[in-house]
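Number of protein chains: 2
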Amino acid sequence: MKYRDLLVAEITPEMEGRRVRVAGWVHAVRSIGKLAFLILRDFSGTIQVTFRVPKDVSEEEKKRYKELIKKVSKIPPESVVMVVGVVRRDPRAPRGVELSGEEIEVLNEAKSPLPLDVSGKVDAHIDTRLANRPIDLRRPESQAVLRLVSLSAKAIREYLYSLNFVEVFTPKIIASGTEGGAQLVPVFYFGKTAYLAQSPQLYKELLTSSLEYVFEIAPAWRHEESDTPYHLAEFISVDVEMAFADYNDVMKVLENVVKRVIDSVKNEGRKWLEVLGHEPPEVNLPIPRITYKEAWEILKAEGVEVEPGEDFGTPELRKLSEALEREGKTSGGFYFITDWPADVRPFYTKRGGKEVIGGKEVDLSESFDLNWRHLEISSGSTRIHRRNELEEELKKRGLNPANFEWYLKWYDYGMPPHAGWGMGLQRLMVPVAGIPNVRLASTFPRDMKRLVP
Amino acid sequence: MKYRDLLVAEITPEMEGRRVRVAGWVHAVRSIGKLAFLILRDFSGTIQVTFRVPKDVSEEEKKRYKELIKKVSKIPPESVVMVVGVVRRDPRAPRGVELSGEEIEVLNEAKSPLPLDVSGKVDAHIDTRLANRPIDLRRPESQAVLRLVSLSAKAIREYLYSLNFVEVFTPKIIASGTEGGAQLVPVFYFGKTAYLAQSPQLYKELLTSSLEYVFEIAPAWRHEESDTPYHLAEFISVDVEMAFADYNDVMKVLENVVKRVIDSVKNEGRKWLEVLGHEPPEVNLPIPRITYKEAWEILKAEGVEVEPGEDFGTPELRKLSEALEREGKTSGGFYFITDWPADVRPFYTKRGGKEVIGGKEVDLSESFDLNWRHLEISSGSTRIHRRNELEEELKKRGLNPANFEWYLKWYDYGMPPHAGWGMGLQRLMVPVAGIPNVRLASTFPRDMKRLVP
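Residue numbers (my numbering), protein chains in the order written: chain A, 1453 to 1905; chain S, 1453 to 1905.
Simulated from the structure, these hints should not be mistaken for lab results.
As the structure is a computational prediction, the values presented were derived from the model and not from experiment.
It cannot be assumed that every hint is accurate.
Which copy is meant is left open, because identical chains are indistinguishable; a pair holds if it fits in one copy or across any two.
With a straight-line cut-off of 30 Å between C-alpha atoms, the simulated DSS-like cross-links for lysine-lysine are [stated by the list, open to error]: (1) K1704 with K1781; (2) K1711 with K1454; (3) K1745 with K1901; (4) K1644 with K1901; (5) K1523 with K1718; (6) K1752 with K1644; (7) K1745 with K1507; (8) K1861 with K1522; (9) K1861 with K1454; (10) K1848 with K1563; (11) K1901 with K1861; (12) K1514 with K1454; (13) K1522 with K1718; (14) K1563 with K1861; (15) K1718 with K1606; (16) K1523 with K1507; (17) K1711 with K1606; (18) K1771 with K1507.
Please model the complete structure; the sequences and the hints are all you need to start from.
And the structure:
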């Protein structure tokens, strides 16, 4: 069954007189006397189909058209229809063209009223939108965000392929958590308890000892108990891991990834940005780097006291990023914080150097976060590649090396020095697509409150 | 820290005299008198590094070299090293070039003996290989398969982008199973029982009502109790779903996907095919289609009786594909079986036509399987797009429509006609990479017996 000859956006004034078949949704219908106007929508755009009674036809044909107009004017919005019509130039129409309707078939009639307005005139609350996501995604802005997600994933892969990276698919059902037990999602696996991967961390590290340069774009899970605009229980993690590299090398890869995504969205995604009325930040490389110590001192100068060696929370990052933006020390809002205190980083992070911060000596690490304003977009480090050091770090964090033996034992057989990072794809869309909530970059977000749709 | 100037495969005879730094694994070491030969391996290939005592240097330097040679000859295989050497033409060397070693640093010494031979001389059992997968993946053949997986995913995406498809990431934690309760993997989700997605089926269908042409390459899970070379508990599913399309349309997309993968592997993946000593089948389009009825009759002629309307098992598919290959009715071993009995297909499959098969009237459906020899690679159909038909089909299968209400209700609001398919990426690698077991196309396979590594 052929439902359509072409997409509505492919209809041009030059096709005048051609009879075409199109299919899509009834975006709106309006009838005035003997005329019925139907706005037909498919994913490419909309076109007006005008149904009128032709003058130079038999009475029988006239009757058929009158019934057609009556039928059209009663089709509920969002019904799925197939239309046959003749292309007509119309200077008043948005694209200079409309269809003169000859036939219509209702493929699936929609119930009225709809649980959510699709025309985008009514601005619904995010909870209503997500509860009605299959319909919400028909709104041009909702669709634009997901198309930018797809475009971003494409840009990331293309850049990484060009650097000799190989895409991998690591297991998502795992025997033990990466960062300890918190936030783990348990799975019943052939009668045993296992967990969903919080990240491909340990597996991507192991793969550096063979494939060397690996990346993955795949789901990851955290039982996030906090209901914020930036946390999902299931998110898409972009992961990169590189043999014979340190944190400086992978920061370069990361900033280039961010730049490629933004360039690609500005070029190939122009149409969707216009729908969203959003312009992503201009990113120039290198993205500025400040150390944890420098960040700590800026915060102190701003009157914010952080215990030396402690992590920064969102309030601190807001304050810090404001100060950096004021001084022009970000690139479009992006900046790296490097050389974090070792004790607040995961066990596989390589230590490096000491600094006196706020009068206290702090052990540092070869690590970084990439932030956009107050939001952490990515986190990475040089990793430890020696078994004894890994065991020490596990113990320091109250973790039992025996539980990680399945992983540790491979460090006996030639693990290379390596480094990498993980990035939340939905978080990257906050600056890229201009969304206020990461849920809008998910098809069907999963969080504390949402398991359906 | 800079570990290397270039990859070993990038060293050419034209670089003679240049001092370079390389890093990788000690593939083999051998010492003869005053010489030590080290084969250094990185992911690009191998190079011989020869350590010899230079003639025209001081006694002190000579002593340093003698100690260096002693040190090199004792480095255990698979240790990670960094080497500085001078490029020397050597017509006897495999690539016409070797390094004259000047310095070596052991970055991570490997324990001996290794749990698995990496040089590939000893052919280990698949269970041993998978138990030692981080090391097994250093074997060129193991790595070649995973690189072909990456290349195949790339070829699939590029083709689908060219057809206006958008990549989506659907939720993997779901409230109810697609095909009923069997094989579902339960998850504890914020105190509730949920399941891991067996496929993105219902979500990709819902997305056709907005994004229209969607695809996904992502993990999917089935509690497979059967231990065969073709089943995984976690596999990579390639999923395509298209609005305003029927099963014939999506079969065309599918056969083109298969052809693009094979073309891409034959071009860009030549190097890996040579490592594997495998040539993928030549695929010419269209891939032959036979109906279930025709297949049933061929089987009957071959002396294999199947109850009319019943599914075919592996023994039947072996017999059938042998008959088809004998008559030249496959394309490189690939063939479609179409128009399956409706009752053996999932509830969302659109019915279509009736046929008398073996004297029995059988209700058919707009469905297909793509097989390669006896192996099912992909399965697809036109889907039902009307709510009442879906409800009937659920009831016929003993499923309760109320459990699917979260999904069914969207069919009230303008679901378009649509069609699609799902394909097991690891299964496709059986013909593409010539592997005897789908586990070899996984980084770290998950099955009844395997949760680690």
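Run the structure past the numbered hints and jot down the numbers of the failing ones, going up. When the structure is compared with the hints, numbers 3, 5, 6, 7, 13 and 18 turn out to be violated.
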